[in-house]
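Full structure from sequences and hints, please.
Chains A and B supply the protein sequences, listed in that same order. For the first sequence, the tail end lands on 425 under the working numbering, and the numbers increase by one without skipping. For the second sequence, the tail end lands on 425 under the working numbering, and the numbers increase by one without skipping.
Treat the hints with caution; some may be incorrect.
[Said to hold, decoys possible] Straight-line C-alpha distance at most 30 angstroms; calculated DSSO-like pairs for lysine-lysine:
(1) B:Lys99 to A:Lys320
(2) B:Lys289 to B:Lys2
(3) A:Lys77 to A:Lys289
(4) B:Lys42 to B:Lys200
(5) B:Lys99 to A:Lys334
(6) B:Lys285 to A:Lys200
(7) B:Lys16 to A:Lys33
(8) B:Lys339 to A:Lys99
(9) A:Lys99 to B:Lys320
(10) A:Lys339 to B:Lys320
(11) B:Lys339 to A:Lys91
(12) B:Lys320 to B:Lys2
(13) A:Lys320 to B:Lys200
(14) A:Lys341 to B:Lys99
(15) A:Lys91 to B:Lys99
(16) B:Lys285 to B:Lys295
(17) A:Lys33 to B:Lys33
(18) B:Lys339 to A:Lys200
By construction, these hints were calculated from the structure, which means they are not laboratory data.
2 protein chains.
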Amino acid sequence: MKRYDYSTLTNPQVNKLCRRPAIDFEAVFGIVKPIIEDVRHKGDDAVLDYTEQFDDVRPASLTSHVRATSEISIQDKVRDAFEMAYANIFKFHQAQYPKDLTVETMPGVLCSRVSRPIQKVGLYVPGGTAILPSTLLMLGVPAQIAGCEEIVIATPPRVDGTIAPEIEYIASRIGASLIVKAGGAQAIAALAYGTNSVPKVDKILGPGNQFVTTAKMLLQNSDAMVSMDMPAGPSELLVIADTTANPSFVAADLLSQAEHGTDSQVVLVGIGDIDFEAIEQQIQKQSSKLPRADKAIIALENSFFLHVSSPEEAMAFSNKYAPEHLIINCEDAKQLSTKVKNAGSVFIGPWSAESAGDYASGTNHTLPTYGYARMYSGVSLDTYFKHITMQELSQEGLRSIASTVTTMAEAESLDAHKNAITIRL
Amino acid sequence: MKRYDYSTLTNPQVNKLCRRPAIDFEAVFGIVKPIIEDVRHKGDDAVLDYTEQFDDVRPASLTSHVRATSEISIQDKVRDAFEMAYANIFKFHQAQYPKDLTVETMPGVLCSRVSRPIQKVGLYVPGGTAILPSTLLMLGVPAQIAGCEEIVIATPPRVDGTIAPEIEYIASRIGASLIVKAGGAQAIAALAYGTNSVPKVDKILGPGNQFVTTAKMLLQNSDAMVSMDMPAGPSELLVIADTTANPSFVAADLLSQAEHGTDSQVVLVGIGDIDFEAIEQQIQKQSSKLPRADKAIIALENSFFLHVSSPEEAMAFSNKYAPEHLIINCEDAKQLSTKVKNAGSVFIGPWSAESAGDYASGTNHTLPTYGYARMYSGVSLDTYFKHITMQELSQEGLRSIASTVTTMAEAESLDAHKNAITIRL
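Here's what the structure looks like:
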């Protein structure tokens, strides 16, 4: 890993360290656009054709209904793990349930704000080398709590055209009605426009590769009338550590992020007399036992250690970088966490491994990457709600507000706006 | 206005009535893209050049600092109106202030959710034929309450290169630091990338014409690293009325929406024996006195009356249409409002004119149009916050969650994730 000393860096150099590698979406527009058009016009057939082309499988049916958990066979140990994770995620997201708000801004002017679930949501679960039931838990539990009327899942089928029982189990647990056995841009397009067998949804959520991300970007700004969770880039971790941090814990955390892929972003900000060598030795030692070490090592080569002189300097850099995951493993970690301005999710103290939050602490693991933590929040219960405002004026209320409204309407040359008040009085 | 009877319509016909006129953004991509590139590379000069080209004015300086309200001269009556509107908007948005949340999901597993303001926001206020101080109030008051560190305004200058004192007054009131004297795609690009004199912001908010909207769409999905409030289309109103509604009120409300522009969307859903003729006569009578009647009349020609037999049917259609503004002017309006699923803002009862909410009731008038009320909320205090999750596990907490995390990490073939737990225990 490269090393930098904060005190010797110029502002442009700090900005450069905060920059993520450019993703060239324009390059895949040309691939994704025709897929979207095909799915839009040919529906199910196009989705099946692309699935055959890209995933080497053509399921007998594009969709499958979700069976009861009692009919789905998974290992007891796995089911127990899923159930504990489900319970924690449910508890944390249930506590976010929005309360309706009513404020009488002036006598007779009652303003309120109510929350209504988005009616139909599409949850995308990537396939590839491994199954990702945790992604479905993170997307599905809040959708279920919010009370979305229809939860549709899209995920690439396995080579035999079926869906992994672990995914189906969670699908059943979160109350999903349908699984679309497709991945990639074709799955996103099917959810956005609807086909004969896939219902058109209002919002699409979930991570994916560059084709999925590009399809989401294009469809978000199209006549498909669909919204998305957030822009997505490779996963990231920034660790703030000092001499009190166990080097083996720090190394394990950096590796857990790095194993996601060669493009994972890993940053270690070390305070004061921290022993970078001890951490590097631990990385070497631990990575030798990891099956995905090849990926992790490439990711770490693109990453860096930054030496800072104080916790405040560490946090200043972290806030500038705006990491998806932030581990604070130093003295007074709790106190330092109050200074966080930009981050997706924060892990405080020596025992808060990122993987605890990835799976089961209760927080959501669908988080803003790529520096978008400066302006986006991770998925939460709110992600599945619209907040609608209402106002009810009494005749008295309208009278007391009338001259304000008519004066402002005049200032903006909107006479019919004024007329709607004066005609009532 | 065209008339339809709900009972005679097929489902596809109802869907067609819910569809908004297509907006061809692709057509302006070709105009907007080079503007964005120019501003990105040439900065201030490009912004000034485009302002000269499109707005026929080249201000001596691209930006101006915001003076104290005491130095800004506006009419007393206008100032009083602004102050009352400010107070109501402040009160309603202040009540939305997010509370931090802490949940112990399991013993020793503390999860929390905290809110942090987005640091730098850019508020766009369109120019054109009239000034729009109300837009700045609606965007700026919640930014001020949230505590955004920097509030930058962009708005086209007047022909003499200055900013209207009404806009400057509100800018001062909401604590903005700078006004960029530019509009259009060039202003949005300057806020997104930053220039020598314009700070780069994290989020851009505010309505605009097709060039502004297209620039926002393109920049949201670019390496500019900026987010936007929501997609924007022409303004809309759906009125639900029955025989208890005063036809002159209904007509005035329809006209107040229609005067926004020829592309305004206006829908009247009439229940039972409602007298459509009386409302049409009132429209003709009132519009004859309106300076913007020409615009309103074209808008109304594209709009329609829909006859339904019951309040429930009216609400079913409204929820399908998902209007930006919904006026419920019928018996038991309050009760019917509990059935709203999709709308931006709702106006309940005979005295709740839309223009009251446009200016001063306290609710926000920056609302989802074009059917996006199905999945987006209007601007609220939340628009200016990120919600960051945190977790702090004790050693005991990690122990109790460990087998869940390691089992799920195994199921997803992520060994380093498992290792980050086992190495700690």
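Hints and how they fare:
Only pairs whose Cα atoms come within 30 angstroms are accepted, and B:Lys99 paired with A:Lys320 is accepted, the gap being roughly 25 angstroms. Between B:Lys289 and B:Lys2 the CA atoms are separated by roughly 23 angstroms; this keeps the pair inside 30 angstroms, and the hint holds. Of the supplied pair hints, the one linking A:Lys77 and A:Lys289 holds, its CA atoms being roughly 24 angstroms apart against a limit of 30 angstroms. Restraint check for B:Lys42 and B:Lys200: satisfied, since their Cα atoms lie roughly 15 angstroms apart, inside the 30 angstroms limit.
Taking the CA atoms of B:Lys99 and A:Lys334, the gap is about 19 angstroms. The hint holds against a cut of 30 angstroms. Between B:Lys285 and A:Lys200 the alpha-carbon distance is near 43 angstroms, which puts this suggested pair outside the 30 angstroms criterion. Proximity of B:Lys16 to A:Lys33 is assessed by CA-CA distance (about 25 angstroms); at most 30 angstroms being required, the pair is judged to hold. Only pairs whose Cα atoms come within 30 angstroms are accepted, and B:Lys339 paired with A:Lys99 is accepted, the gap being roughly 17 angstroms.
A C-alpha spacing of about 25 angstroms is found between A:Lys99 and B:Lys320, which places the hinted pair at or below 30 angstroms, so the restraint holds. Restraint check for A:Lys339 and B:Lys320: not satisfied, since their Cα atoms lie roughly 44 angstroms apart, outside the 30 angstroms limit. Annotation: proposed proximity of B:Lys339 to A:Lys91 holds, straight-line Cα distance about 28 angstroms (limit 30 angstroms). Our distance criterion of 30 angstroms between C-alpha atoms is met by B:Lys320 and B:Lys2, whose separation comes to about 19 angstroms.
For the proposed pair A:Lys320 and B:Lys200, the alpha carbon gap of about 14 angstroms is at most 30 angstroms, so the pair holds. In summary, the hint linking A:Lys341 to B:Lys99 is supported, as the alpha carbons are separated by about 16 angstroms, within the 30 angstroms threshold. Restraint check for A:Lys91 and B:Lys99: satisfied, since their Cα atoms lie roughly 17 angstroms apart, inside the 30 angstroms limit. Restraint check for B:Lys285 and B:Lys295: satisfied, since their Cα atoms lie roughly 16 angstroms apart, inside the 30 angstroms limit.
Between A:Lys33 and B:Lys33, the direct Cα distance comes to roughly 19 angstroms. Compliance with the 30 angstroms bound is thereby established for this hinted pair. Proximity of B:Lys339 to A:Lys200 is assessed by CA-CA distance (about 22 angstroms); at most 30 angstroms being required, the pair is judged to hold.
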